[in-house]
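Given two chains presented individually in distinct reference frames, assemble the corresponding complex, making use of the accompanying hints.
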Amino acid sequence: MSRTTGKIHLFGAHIDTDVILPGKYLNLYTPEELGPHCLEGLDPTFIHRVRSGDVIIAGDNFGTGSSREHAPIAIKAAGISCIIATNFARIFYRNAINIGLPVFECPEIVSAVKNGDVIDADVAKGQFTVNGAHFQAKPFPPYIQGIIEAGGLVSFVHKQLNKN
Amino acid sequence: MGLTMTEKIFASHSQSGGARAGDIEILTPDVVLLNDTSGTITVEQLKKMGVSRLFDSEKVVLVADHFSPPKDVTSADAINLLRGFGNKFGIKNFYESGRHGIEHALLPELGKVGPGGLIFGADSHTCTAGALNACGVGFGSTDLAGVIATGELWVKVPPSIRIELSGQPGRFVTGKDIILSLIAKIGVDGALNAALEFGGSGLSCLNIDERMAIANMAVEAGADTCVFEYDDQVASYIQQTGWKAQEPVIADHDAKYLAHHTIDLEQLTPLVAVPPSPANGLPISGIAETFVHQVYIGNCSNGTITDLRQAAEVLQGNTIAPNVRLIVVPATSAIYRQAAREGLLEILSAAGAGISLPTCGACFGGHMGILGAGETAISTTNRNFKGRMGHSDAKVYLANAWVAAAAAIAGKIVDPQTIAPQAGRKETP
Chain A
1 MSRTTGKIHL FGAHIDTDVI LPGKYLNLYT PEELGPHCLE GLDPTFIHRV RSGDVIIAGD
61 NFGTGSSREH APIAIKAAGI SCIIATNFAR IFYRNAINIG LPVFECPEIV SAVKNGDVID
121 ADVAKGQFTV NGAHFQAKPF PPYIQGIIEA GGLVSFVHKQ LNKN
Chain B
165 MGLTMTEKIF ASHSQSGGAR AGDIEILTPD VVLLNDTSGT ITVEQLKKMG VSRLFDSEKV
225 VLVADHFSPP KDVTSADAIN LLRGFGNKFG IKNFYESGRH GIEHALLPEL GKVGPGGLIF
285 GADSHTCTAG ALNACGVGFG STDLAGVIAT GELWVKVPPS IRIELSGQPG RFVTGKDIIL
345 SLIAKIGVDG ALNAALEFGG SGLSCLNIDE RMAIANMAVE AGADTCVFEY DDQVASYIQQ
405 TGWKAQEPVI ADHDAKYLAH HTIDLEQLTP LVAVPPSPAN GLPISGIAET FVHQVYIGNC
465 SNGTITDLRQ AAEVLQGNTI APNVRLIVVP ATSAIYRQAA REGLLEILSA AGAGISLPTC
525 GACFGGHMGI LGAGETAIST TNRNFKGRMG HSDAKVYLAN AWVAAAAAIA GKIVDPQTIA
585 PQAGRKETP
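Chains as they are written, first to last, in the working numbering: chain A, 1 to 164; chain B, 165 to 593.
These aren't lab readings, by the way, just hints derived from the structure by calculation. This one's a predicted model, so the numbers in the text were calculated from it and none came from an experiment. Ideal placement from N, C-alpha and C gives every residue a C-beta, glycine not left out. One should not assume that every hint holds.
Covered stretches of chain A, going by a simulated chain B footprint (3 or more residues, C-beta under 8 Å) [unchecked claim]:
{"no.": "1", "stretch": "55–65"}
{"no.": "2", "stretch": "114–127"}
Once the Cα atoms are required to be at most 25 Å apart in a straight line, the calculated PhoX-like pairs of lysine-lysine come out as [said to hold, decoys possible]:
{"no.": "3", "chain 1": "A", "residue 1": "Lys-125", "chain 2": "B", "residue 2": "Lys-211"}
{"no.": "4", "chain 1": "B", "residue 1": "Lys-212", "chain 2": "A", "residue 2": "Lys-159"}
{"no.": "5", "chain 1": "A", "residue 1": "Lys-24", "chain 2": "B", "residue 2": "Lys-550"}
{"no.": "6", "chain 1": "B", "residue 1": "Lys-320", "chain 2": "A", "residue 2": "Lys-24"}
Next up, chain B with everything else stripped away, as it sits in the complex (with noise of 0.2 Å):
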C-alpha cells in the first residue's frame, strides 16, 4: 500500500524512519515556530524543565506577531520575554515591527517553509505551510517547549482526505471561496484528526497566495495539518526564497485516503461565511441585506499581496461609505513594500482605508480594529466565532477581498459585479 504525501514528510522527519495512519511517531521538524502570545508560557515551561541549552537554537524562529507592537504594557513585557530567552539562546530569528510581517505568511518569505517540510508552531494556523507541498502542524505553547528542549515530539499520523481540484473558478471566485465551500461541505469537524490533502486540474488556476489563504483554514474544518501537490510555481516560489531543507513528496497512486471530495471550480460563486462558524458559507444571494461597521482586509490567510491587489481594483477611484470604518493590513513588510511600489496603498488610503503595518491585531480580537457591542464587520481573516473581534454581540462576516471591499463601498455585503463590474479574475496566473 502506498504512502500519502503527509506519511511521507512524516516518514522522513519520524525516528523510526516510517510514518502510517494511526501510528504514533517521534517526529524532529525542520522549523519551530513561536510567538509573542504563545512564546511566553512556552518560555516558562523551558524555565521549569531545567533546560541549559536548546535542540537547535538554528531551528526555532521568533515572530512578535500577536500584539505587536505592543498595545500596551503588558504586551511588552510580553514580547521583551521572547527577545530576552531568544538572546540568551543564541537565536538569531527574531522578528518583530519593521521587519516582519504574521508568522505564516513570513516564514515561506524567509525561506524557513518549502516543499516536504515539517513546521512545528505554537499556532495553530501553521498549517498554513501546506500551500508549500509542507506539513505545518499547531500544537500548544508546553509541547513545542518540549520540542524546543529535545528535538522530538510524539504525533499520531493522520489519515488523509484528498480534495481534487477542478475546472476554472469563476471571476470572483478566489482560494478563500474553495475553502469556505469545503468547510460548509464537512463542517468543522469534517477533518477532525485527518489531513487535508490538494491537487488536481484546477490547482494551476491558483498561486500560491490563493493556496495559502486555502490551507491556513484546513484547521477550521478541524484537520491537523494540509498538504498541496508540488507544481511548477511551487517550484519558482522557493527559487526565490532559498529554501533546501526538504526535497518534495508526490503521493503514491495507490496511497489510502480516509475519503475523496471533488471541487469543481467552475461551480463555485463567491461565499461569505455567516457567524458564528466559519462552516456558513453561503453564496452572497443568500445573505439578507446586511450593513458593515468595518470592513477588515489581512490576517495570516488573506493579507497577501495578490488580496491588496484585489481590494485596491475595487477601490480604486471609489470612495467608502461614510458609515464604514476600512482597515487594511499588509501580512508582511515585504508585502507593504511591494503594495507600496505597485501604487495599492495610494488607491487605498485615497478610497478611505487605514493602512495598519502587519499584525494579528483585530482578527483574534487584540487591537487595531476591536468590534465594539452590536457591530457588524466583514473580514478576509479566517475566524468568526462569538466575539473573535471584539465584544460578544459583535458579527463577524467572512469573505475575499473583492466581497470586502465592495461591502465598504455600498456599506452593505453585495456582490462585487454591482459595484466594480471591470473587476475580476482575468485569467490563470
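Here chain A stands alone, though its shape is the one from the complex (with noise of 0.2 Å):
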C-alpha cells in the first residue's frame, strides 16, 4: 500500500529524540511496547490524536541527538505513514530507513502546510498532494534506493548472507 491519506501532524525544527521516545523507555524495545510513548516527551496527547497513515511534517534536523532506534521504531508503531522534513539528523534517517519508515527531505512542503491538513502520499515515488498543490520529495541515492526496494535493512542483509 503505497498510497494513503492521512492528516499532517506539524511540527518545527530540531526535534530530538528524547522528545520522541523519553529516556526511560529505553529498557523496552518492542513496536508493541513503544507505539504508545511516541512523541510523548513533547505532547503527551500526540498518540491519542494520531491515526493510522497520518504524517509528520517537520523543520531541520528531525530526530537529533541521541541515536536511539526506539524513537522511529515508535513512530511507525504509532501508525505514521511518512515523515517529511526540511533535513533529518543523519543517525535518525538512517534508522528509520532500516526499519522501513519512509522518510524524505521536501523543503518546500514544509513551509506550504498547516497542521491538520489532508495529505495524499504516494511513498514509493515520494510524490504529495496538499490542498490541490503538488509537491516531490528528492531522490535517494542508489545504495540507499537498494535498502528501501529491500524492503528494509534486515531483509537486505538477509539476501546478502543467502548470497554468500
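Structure, rendered in C-alpha cells:
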C-alpha cells in the first residue's frame, strides 16, 4: 500500500529523539511497547490524536540527538505512514530507512502546509498532494534506494548472507 | 588535493581503499560497540537476519551501562539478553556493574580506542573516541546488526570543519567550555553531516580527559564524527592501554575543509548552557539568579578523574546547601578506584555528595537522580533537552565540574571564583 491519505502533524525544527521517545522507556524495545509513548515528551496527547496513515511534517534536523532506534520504531508503531522534513539528523535518517519507515526531504512542503491539513501521499514515488498543490521529494542515492527496495536493512542483509 | 584526518581514517578502513568527502564507501570498523538499550534491538535484528556467526566476535564490545545496575525487572531482562547473546557467540568483551564503566569512557581504558582507529557504536556519543586521534561514529541498532553480521556498513564520507585552538585557557575554563562555545557559535546543526577536526597550539593545554569532553559533544553540533590531532599526550596514553591496531593520522597541509574556525582559549570564560539546547551557552554573569535542586557531576563527557578532582577542589572543607542533592558518578570503575586512592571520594562524601557507581544513570532520564516537576539541575552532562533528566517541566543547565560544584555549595549558579578562590587551573598539564 504505497498510497495513503491522512492528516498532517506539523512540528518545528530540531525535534530531538528524547522528546520522540523519552529515555525512561529505553529498556523496552518492541514496537508494541514503544508505540504508545510516541512523542510523549513533546505532547502526551499526540498518541490519542494520531490515526493510521497520518504524516509527520517538520523543519530542519528532525531526529537530532540520541541514536535511539526506539524513536523511529515508536513513530512507525503509532501508525505514521511517512515523515517529511526540511532535513534529518544523520542517525535518525538511517534508522528510519533501516526499519522501513519512509522519510523524505522536501523543504517546499514544510512551509506550504498547516497542522491538520489532509495529505495524499505516494510513498513509493515520494509524491505528495496537499490542498490541490503537488510536491516531489528529493530522490534517494542509489545505495539507499537498494535498501528501501529490499524492505529495510534486515532483509537487505538477509539476502546478502544467503547470496554468499 | 590532500586528505583530512577523517578521510584518512575512513580510507584505511574502506573496501575501495579510498575515501573522499561526499563518496559513499563500504567500511569495516576496528570495534563495534553495543549497550543495554541499543543492543537489545540489535540482537533481535540479528535473529531476523538469520545470522549464525559473527564477522568477528573479538571486535564486538558489549557494555551494560544505561540501566546498569538494573533498575527493574525489564532492565535486568535487557542486560540478560545482551549477556546471553555474548555467551552464545563467544564475545569475551562483556562489561557490567563493578567491572565496567560508561562505554565511551571505558573503551579508551581498555585499549579499544586509539590513533587511526574506527569505532562504530550504537550510541550517538561514540564520537568521544576522537580525542585519541580516532573516528568514533554513532549509529542505530539495525545498522550495527548489519556490521556484526557482515563486517561492512555503508557510510557517506563527511567533509571536515577545522577548529584551530590557540592560546591558554583561563583558570576556570575547561574542555566543556570550549565545546559549549563552539556549539553556541555554529548551532546544533552547524556541523550536520560533517566531521569536526581539532588541532592547533592550544591543544597542548588540554589533557586527554578535557579533549574527550570536547569530542563527546561534537554530535551536539550535529557532527558525524570528530578527530583530534595526534600528539605526545596521546602517545603516552596509548602506551599505557596497549592500542596497536592502527597508526596515527595527520591531515595533509592541502586538505580541503568545509569551513575553518579559530577559538582563542584566552578569550573564553566558563559557560552554562541554558535549557533546552546545548547551543544556549552563556557566561555565568549572563545567567539570572538560578537556584538548583540537583547537581549532577558525571556522564560520558565529564565523569573523568579530571572532573572529580575539579569538584573535590571546590568542595573540600565545604558543605553543600541544604536544599541541594549532589550526585557524583565516576565514569568507570578505574576512575572510581583512582578517586578513592586520591582521597577524592572522602572529600566529596564529607561535603554531602552521594557517590554512585558508574552508570549513564540520570543523564538520559533513566534512573539514579531523576528530576521531578519544576526541579532545576546543573549538570556536567551533554544534553539539556526538554525532559532529558526526568519530568518534562524540569530544567537542566550544562556546565563544567568547577561551576557545578560551586552551585552545590551556593544552592544556585555562581562563579566558582566566589566560592573557591584558591581553585582552578594551575598550569598546563
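Evaluated hints:
no., hint, in the structure
1, 55–65, "holds (count 4)"
2, 114–127, "violated (count 0)"
3, A:Lys-125 / B:Lys-211, "violated, 31 Å"
4, B:Lys-212 / A:Lys-159, "holds, 12 Å"
5, A:Lys-24 / B:Lys-550, "holds, 13 Å"
6, B:Lys-320 / A:Lys-24, "violated, 32 Å"
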